[in-house]
Every structure is written in C-alpha cells, then in structure tokens.
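With the hints as constraints, model all of the structure from the sequences given.
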Amino acid sequence: MNDQFRYLLARAARGQLDRRSFLGRAAALGVTGAAASSLLSSAVLAQGPRRGGSLSVGMQGGESTNSLDPAVAASQVPFLYLKSSGEPLLDLSPSGELQNRLAEEYSASADATTWTFKIRSGVEFHNGQTLTAEDCAQTLRRHSDENSQSGALGVMRGISEIRAEGDTLTLVTSTPNADLPFLLADYHLLMQPNGGFDDPNAGIFTGAYKWVENEPGVRHVLERNPNYWDQSRGHFDSVEILVINDSTARNSALQSGQVQMINRVEPRVAGLMARAPGISVQSTSGPGHYVFIMHCNTAPFDNNDLRMALKLAINREDMVERILRGFGSVGNDMPINAAYPLFDDSIPQRTYDPDQARFHFQRSGHSGPIDLRVSEVAFPGAIDAAQLFQESAAAAGIELNIIREPGDGYWSEVWNAKPFCASYWGGRPVQDQMYSTAYLSTADWNDTRFHNERFDSLLNEARGELDLVRRKALYSEAGLLVRDEGGLICPMFNDFIDAHNDQVTGWIESNALEMMNGLAPSMMWSAA
Amino acid sequence: MVPILTLVTQRIALGLVLLLAVSVLIFAGTELLPGDVAQAILGQGATPEALANMRTRMGLDESAISRYFAWLGAALQGDLGVALSNGRDIAASIGQRLGNTLFLAAVTAAISVPLAIFLGLLAVRYRDRWPDKLISGLTLTSISLPEFLLGYVLMYVFAVKLGWFPSVSNINSGMSFWQKLNAVALPSLVLTLVVLAHMMRMTRAAILNVMQSAYIETAELKGLRRLTLIARHAMPNALAPIVNVVMLNLAYLVVGVVVIEVVFVYPGMGQYLVDHVAKRDVPVVQACGLIFAAIYIGLNLLADLISILSNPRLRHPK
Numbered sequence: 022m023n024d025q026f027r028y029l030l031a032r033a034a035r036g037q038l039d040r041r042s043f044l045g046r047a048a049a050l051g052v053t054g055a056a057a058s059s060l061l062s063s064a065v066l067a068q069g070p071r072r073g074g075s076l077s078v079g080m081q082g083g084e085s086t087n088s089l090d091p092a093v094a095a096s097q098v099p100f101l102y103l104k105s106s107g108e109p110l111l112d113l114s115p116s117g118e119l120q121n122r123l124a125e126e127y128s129a130s131a132d133a134t135t136w137t138f139k140i141r142s143g144v145e146f147h148n149g150q151t152l153t154a155e156d157c158a159q160t161l162r163r164h165s166d167e168n169s170q171s172g173a174l175g176v177m178r179g180i181s182e183i184r185a186e187g188d189t190l191t192l193v194t195s196t197p198n199a200d201l202p203f204l205l206a207d208y209h210l211l212m213q214p215n216g217g218f219d220d221p222n223a224g225i226f227t228g229a230y231k232w233v234e235n236e237p238g239v240r241h242v243l244e245r246n247p248n249y250w251d252q253s254r255g256h257f258d259s260v261e262i263l264v265i266n267d268s269t270a271r272n273s274a275l276q277s278g279q280v281q282m283i284n285r286v287e288p289r290v291a292g293l294m295a296r297a298p299g300i301s302v303q304s305t306s307g308p309g310h311y312v313f314i315m316h317c318n319t320a321p322f323d324n325n326d327l328r329m330a331l332k333l334a335i336n337r338e339d340m341v342e343r344i345l346r347g348f349g350s351v352g353n354d355m356p357i358n359a360a361y362p363l364f365d366d367s368i369p370q371r372t373y374d375p376d377q378a379r380f381h382f383q384r385s386g387h388s389g390p391i392d393l394r395v396s397e398v399a400f401p402g403a404i405d406a407a408q409l410f411q412e413s414a415a416a417a418g419i420e421l422n423i424i425r426e427p428g429d430g431y432w433s434e435v436w437n438a439k440p441f442c443a444s445y446w447g448g449r450p451v452q453d454q455m456y457s458t459a460y461l462s463t464a465d466w467n468d469t470r471f472h473n474e475r476f477d478s479l480l481n482e483a484r485g486e487l488d489l490v491r492r493k494a495l496y497s498e499a500g501l502l503v504r505d506e507g508g509l510i511c512p513m514f515n516d517f518i519d520a521h522n523d524q525v526t527g528w529i530e531s532n533a534l535e536m537m538n539g540l541a542p543s544m545m546w547s548a549a
Numbered sequence: 003m004v005p006i007l008t009l010v011t012q013r014i015a016l017g018l019v020l021l022l023a024v025s026v027l028i029f030a031g032t033e034l035l036p037g038d039v040a041q042a043i044l045g046q047g048a049t050p051e052a053l054a055n056m057r058t059r060m061g062l063d064e065s066a067i068s069r070y071f072a073w074l075g076a077a078l079q080g081d082l083g084v085a086l087s088n089g090r091d092i093a094a095s096i097g098q099r100l101g102n103t104l105f106l107a108a109v110t111a112a113i114s115v116p117l118a119i120f121l122g123l124l125a126v127r128y129r130d131r132w133p134d135k136l137i138s139g140l141t142l143t144s145i146s147l148p149e150f151l152l153g154y155v156l157m158y159v160f161a162v163k164l165g166w167f168p169s170v171s172n173i174n175s176g177m178s179f180w181q182k183l184n185a186v187a188l189p190s191l192v193l194t195l196v197v198l199a200h201m202m203r204m205t206r207a208a209i210l211n212v213m214q215s216a217y218i219e220t221a222e223l224k225g226l227r228r229l230t231l232i233a234r235h236a237m238p239n240a241l242a243p244i245v246n247v248v249m250l251n252l253a254y255l256v257v258g259v260v261v262i263e264v265v266f267v268y269p270g271m272g273q274y275l276v277d278h279v280a281k282r283d284v285p286v287v288q289a290c291g292l293i294f295a296a297i298y299i300g301l302n303l304l305a306d307l308i309s310i311l312s313n314p315r316l317r318h319p320k
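Note that the protein sequences, when read in sequence, are chains A and B.
Just so you know, the first sequence maps onto residues 22 to 549 in the working numbering.
Just so you know, the second sequence maps onto residues 3 to 320 in the working numbering.
Derived from the structure by calculation, the hints contain no laboratory data.
Some hints here could point you the wrong way.
[To be verified] Residues from chain B that face chain A, not an exhaustive set, calculated with beta carbons under 7 angstroms:
no.	residue
1	G83
2	M157
3	V162
4	Q181
5	N184
6	R203
7	V212
8	V260
9	V267
10	Y274
11	I297
12	G300
C-beta: ideal position from N, C-alpha, C; glycine also.
Now the structure itself:
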C-alpha cells in the first residue's frame with residue numbers, strides 16, 4: 022500500500038472523496054475493487070460515526086395490519102421502527118448489557134419489591150412536549166390494562182403499584198423481582214406522552230428518529246430527531262424501512278443496492294451472500310429456539326420414559342447442520358442457552374442415542390405410531406426437521422406419524438392445543454421471564470403442560486434472590502427439571518442472520534435480538 | 003337505436019343484480035370462516051371478558067341478517083368501516099392500494115393488449131411459417147413458466163446484473179409519473195409475458211376462423227395486401243371473442259397478481275387483502291371482495307357490450 026493510496030483512503034474515510042471515485046483511483050493504482058472496498062470500510066469504521074446520508078432497510082415481517090401502537094407490535098418491522106423512534110426506561114445494548122436510557126438511574130429496596138427510577142431531565146417528545154415521570158407512569162399503566170392488548174402485559178402483571186412524584190417513578194411489585202430492570206427493556210414499553218392514552222397510534226416518542234410517513238405493510242419513513250438527547254446515536258438524516266417479505270426479493274434488493282441492509286437472510290443462501298462483493302453477513306446467536314413440544318399431562322406423553330425416549334431419538338447436530346446450515350447451536354431440552362444471564366454451562370449436553378431411546382421407549386410400554394403435527398409456519402424448515410426426526414426416531418424403533426397442518430390457524434388450532442407439535446420461541450431477555458411465560462404451572466402459554474411444584478417454588482425463590490451465585494444455582498436446578506422431566510424437545514437455537522452492504526458501517530457484534538437488538542439504524546452510520 | 007339502449011340498460015341492471023348476489027355470498031363466506039373473529043384479533047392470550055367486550059363492540063351478537071344490511075347500506079354510501087387490526091379507515095387505505103393496482107394493470111395493458119393483437123395478426127399473416135411458430139413458441143413458453151420464476155429471472159438480469167430497473171417496485175405519492183413508470187417496469191414486463199399468450203392465441207384462432215369465409219377470398223382476389231386484408235376485413239368480424247379474452251386478462255391483472263406483488267414488493271390490493279385475511283380482518287376482506295367482484299363484473303359487462311355492438315346481428319335482433 023503506497024502513500025498515494027493511503028492518502029486517498031484517508032480522504033475517502035473522512036468523506037472528502039466519494040466512494041466511486043475512490044474505487045476508481047484505487048484501481049488506477051493497481052488495487053482491486055474488493056480489496057479497496059474492504060480497506061475503505063475499516064478506515065471508515067476507525068474514523069468513527071459520521072452524520073448524514075440515508076438508510077434503507079429491507080425487512081421481512083411487516084403486514085398492512087401493523088400499527089404504531091407499541092402495545093400491539095408483534096413482528097419484526099414494528100420491532101425495528103419502534104426501536105428506532107421510541108425508547109424504554111432501560112434498554113439492552115446490542116451486546117446485552119443493561120443501559121440507562123430514559124431512566125437516568127435506578128435503585129431497588131433490599132427485598133427487591135420497591136424500585137425507584139430517576140427520569141432523565143431535558144428529554145423532549147417529537148411534538149416538543151417534555152418527558153415527565155407522569156408520562157412514564159401513564160405508559161406503564163396503559164400496558165398494565167387488559168384492554169390495551171399489550172404484548173408486555175405479562176411483564177406488567179407483576180407490578181402492583183405505579184407512582185410518579187417529581188422526576189421519580191416508583192414501581193412496587195407484588196412479589197420480589199430481581200429481574201425487573203431487564204423486563205422494562207421490553208420493546209413494547211416505549212414512553213409516550215400521557216402514556217399514549219390520547220392516541221396510541223400517534224407515533225410520538227422520544228427516540229433518535231421521528232415519523233414522516235407510515236404506510237403499513239409497504240414502507241415507513243423516519244427522519245433524524247434534531248432534539249434527541251443522546252448525541253451518540255441517530256446518525257442518518259433519514260431512515261426508510263421497506264417491507265420485503267419475500268426472501269429472494271430481499272436478497273436482490275441488497276445486491277442491487279436498493280437497500281443497504283436486510284434481515285432474515287435464509288441460512289441456505291447466507292454463505293453465497295457473504296461471498297458477494299461489498300456485502301457482509303452478520304449472524305447473531307440469540308435466545309430464539311425451534312422446538313417440538315409434548316403435553317406432559319396427555320397420553321401417551323404423560324409417561325416420562327416415553328418423553329425421554331423421544332428426546333434421545335433426535336439428532337441435534339444433524340438438524341443444526343441441515344436445517345440451520347450451521348447458523349445456530351444445539352439445544353439441550355431447556356429453553357435457556359448462553360444468551361441468558363446466569364446460564365449454567367456445566368449442565369451436560371444431551372446427544373442422539375438410539376439404544377438408550379429404544380430402552381426408554383420399551384420401558385414406557387407404548388406401542389404403535391405417535392402423531393406429530395407440523396406446519397411450514399411452525400419454524401422455517403419445520404417439515405424437513407420433522408422428517409429428520411422421523412428418520413432418527415425410526416432407527417430407535419419409534420414410529421412417528423407426521424401430520425401436516427395448514428399454516429392458517431396453526432397458532433390457534435394446533436399449537437397449545439394438540440399434544441405433540443412443532444413450534445418456536447423467540448426467547449426472552451431473562452430466564453425468569455422465559456420460564457414464567459411457558460413453564461410455570463399457571464402460565465397461559467404453558468404449551469408443554471408442565472406442572473411441577475418443585476420447579477414453581479424454585480422459580481419463585483430465584484425471583485427474589487439478590488445473591489447471584491445462589492440465584493444461578495436455583496436456575497440451574499430448575500433448568501435440569503425441565504430438561505429431564507419436561508415436555509420440551511429443543512433440538513436447536515437459531516441464529517438471526519442480517520446482512521448489510523459497505524455503504525453503511527458500525528455494526529456491533531450482538532447477542533440479543535436481530536438488527537443489533539433493533540438499534541442498527543440508531544447506532545450505525547453512512548460510509549457512502 | 004332504441005333496441006340498443008334497452009339492451010345496454012338490461013345488461014347493466016343484470017350486472018347490478020349479480021353484484022348484489024355476490025355481496026350476499028361474500029358476507030356468507032366470511033361468516034363461515036373457521037374461528038371466531040374476536041378470538042382471532044385478540045390472539046391466544048384473550049381473556050373471556052375481553053372476548054365478550056370485543057364481540058359487543060363489533061356487533062357480533064346481533065343477527066347475521068341485520069349485520070348484512072347494515073354493512074351493505076354503509077358500503078353503498080362509500081363507508082367501508084375501519085380495519086379491526088390497526089384502526090385505519092378502509093376506504094382511504096384501499097383508495098391508495100387500488101390506485102396502485104390499477105396503475106400497474108393499466109401500464110401492463112397498454113403494452114400487452116396492442117402487442118398481443120399485433121403478434122396475433124402477424125401469426126395469421128405468416129401462418130405455419132417460421133414467424134408464426136416463433137411467436138407461438140415464445141409466448142407459450144412464457145405463459146408456461148410460473149410467474150414468480152419469470153420475476154426472479156428478470157430481476158436477476160435487469161436489476162442485479164445490469165442495474166437498469168429497481169428490483170423493489172415501491173411506488174408512493176411523492177414520485178413523478180416517469181419515476182413510477184421506471185419502478186413498475188419489471189413487474190409489468192413479467193405480467194405482459196404472462197397474459198400475452200392467451201390473448202395472442204385467441205386473436206390468431208378467431209381471425210383464422212374468419213379467414214375461411216368466402217368474402218376473404220374475394221378480397222384476396224381483388225388484390226389487397228395480406229396484412230391490410232387481415233386487419234381491415236378479417237379482424238372486425240373476429241372482434242367478439244378477442245374482446246372477451248382481453249377483458250378476462252384485464253380482470254386478472256387487477257384481481258390476481260398477488261404473487262407478482264410479493265416478488266416485486268408492489269403495494270397493491272393483493273398483498274393488502276392477503277394480510278387482512280391472515281388476521282381475520284373481516285371488514286377489509288369484505289370490502290376487497292366487493293371491489294374485486296365489481297371490477298370483474300364491470301369488465302365482463304363491457305366485453306359483452308362491445309361484442310354486441312360489433313356484431314350487427316346482435317345489434318338488430320329480430
């Protein structure tokens with residue numbers, strides 16, 4: 022690399038030379054396009070965030086039925102536009118640390134039941150109004166109301182009292198809950214003026230970008246919020262989110278440069294994408310997992326030997342290799358992996374063992390085929406995964422009968438209704454929330470019908486335990502109970518695969534949700 | 003002239019009766035959909051009280067017949083209600099989507115209809131020779147390929163490799179007419195390839211049929227040029243079946259292009275309808291159904307009228 026090239030590189034990185042002319046001049050100096058381009062992106066990264074430019078993101082997971090009300094958001098596009106325009110009290114950084122956002126600081130009483138939050142001063146809503154503790158209290162009250170249909174209702178149920186005085190917000194929980202700060206990082210709990218009681222769909226928040234245009238299922242346009250309190254975020258002049266549900270269309274849009282970033286790259290094309298010039302593929306190992314679930318209280322699954330036989334009859338490595346193409350990790354029949362705080366990695370990994378499976382199957386006394394219900398919508402590749410399962414189980418003498426269900430109505434007629442089916446979980450930020458959503462005896466979504474008193478009491482005890490070592494031990498025991506006695510067969514944890522081109526930079530390795538936990542538009546910047 | 007007017011009025015009246023019958027079918031169909039609307043909206047976490055509240059709010063506890071007339075009455079005044087899923091006004095949302103769909107259909111029709119008829123004429127002119135075989139071969143190939151595959155191939159060549167047209171055909175109100183035209187270039191090209199063969203083959207067959215007639219032989223003996231003869235003398239008598247096929251294809255361009263909309267991310271009616279069916283958003287489904295039916299009936303009505311007007315025997319019934 023000669024001096025002249027280095028000079029060009031520095032000029033290009035500072036934005037004094039546009040990308041196209043840089044590449045042209047580099048070529049004249051004998052540096053190939055690909056090499057010049059990758060050198061440029063590392064130079065730009067070293068230069069630090071730069072203001073300006075615009076970002077177009079092509080996203081799967083948007084429908085014409087989406088609204089701006091954070092309470093009802095459920096898919097990927099609302100997740101990203103809400104995280105770009107609004108903020109919770111506390112949020113997880115892409116790398117999974119809890120950060121103070123609209124709450125400047127917080128503290129808990131010794132018994133972990135009373136929590137006080139000091140609300141950041143000088144924060145303005147997009148309509149010019151100043152954020153108050155009362156707005157925050159109202160927001161949380163709205164999400165506590167059954168009628169708001171809030172996705173965070175489960176989080177809010179544990180909060181018995183919400184109080185605002187001056188710049189302080191006080192929350193009282195009915196039972197001790199050491200995880201509360203993590204729970205408040207839920208992406209539904211974005212602060213709105215008067216809690217959004219006046220108009221939940223108004224799109225008035227406090228975030229780095231404010232709303233310009235909203236066409237649900239088509240495109241969402243935001244522009245930089247000039248009065249944003251945090252100068253280290255929100256670098257683009259404008260952000261456009263295009264809904265591109267078709268995966269081939271999404272790939273072409275990125276390759277042709279119409280968008281700079283896409284989500285949900287299919288594992289089978291991720292390798293090819295990564296080889297395309299100027300495109301980098303980012304894999305995020307998160308808490309999401311693909312599962313087969315059995316009802317522990319319904320014959321023949323009420324027999325632990327039969328459940329164990331099925332758990333031993335699944336080939337996990339093979340599934341990660343064939344269904345996820347290596348973009349994932351093996352599961353251990355519990356919904357928790359290293360993405361969670363306080364995960365115990367000393368729990369032994371369950372492996373495929375047809376002999377043991379045959380032993381347990383015979384001991385269960387069951388004979389004849391077992392119905393497994395599955396559908397394309399259960400998770401990407403669910404039908405193939407069921408067939409792999411059928412094959413590996415057949416080697417252990419267990420006959421699985423695969424019933425293909427229509428995708429329409431799968432989540433109301435099959436999941437949480439039929440005794441053995443395929444499904445997925447997106448995961449939760451903390452162990453307690455994952456377990457209490459789906460494994461507590463009383464949970465609405467106890468989709469394995471797991472009723473275990475010891476487990477329930479462990480979970481309750483862990484919730485109020487502020488000593489981390491003790492807490493980790495409690496979670497470890499609870500996890501083992503699910504692993505060895507539960508109805509969950511968890512063969513794999515899936516990665517989120519995003520991709521972006523070299524016109525944007527600043528991607529941070531992430532282990533939370535996709536798109537750098539939804540913060541990519543706020544934290545990345547333009548390199549064009 | 004009077005018999006024609008009566009005929010036209012009769013046809014339009016028949017069309018309206020048909021539309022009314024369709025509205026009954028749509029309403030009955032959405033009633034028969036499995037699952038409860040309130041349950042579908044509230045999702046798995048619905049509590050019994052919330053369900054009851056939702057049912058009352060949506061008027062689901064009234065009888066189906068009274069709900070039908072309330073819906074029809076409002077729809078006739080242009081009030082299609084609000085979407086249950088996101089609370090947006092249906093008429094406003096549909097207005098924009100329908101505009102986009104009609105724009106794409108119009109651009110495609112403007113290319114494909116003249117092209118199909120011209121190719122049909124050309125095929126007749128060079129009947130059984132290589133131009134005829136080439137035209138038939140190419141158009142039949144393009145109709146036999148699934149449209150999403152055609153879409154992907156064109157996208158790969160023209161958007162990714164050559165970079166001539168955008169692969170995402172997103173259009174919005176801020177764009178100029180030419181920008182919009184550029185955006186829909188690829189989808190309208192695919193749709194042209196999809197509808198071309200049907201119209202071209204029908205034009206060819208209908209004209210060949212007429213070409214057997216004695217008056218064509220006379221014209222030939224008179225020494226007219228082949229193409230003039232086909233266009234001036236054969237075509238008018240073959241118009242009725244051609245118009246019918248053209249209208250069927252136009253109707254398809256409006257109501258049946260959801261696959262292309264998904265592939266090219268085009269914000270049209272198809273995707274809008276599918277999203278709302280998935281969410282059991284019944285008012286939207288009913289409104290879309292009604293609009294699609296009206297377009298279908300309207301275009302077929304137009305085809306009927308044109309074939310009647312183009313045929314003196316039908317124009318002056320004995």
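Which earlier hints turn out false for this structure, listed by number in ascending order?
Failing hints, ascending: 1, 4, 5, 6, 7, 8, 11, 12.
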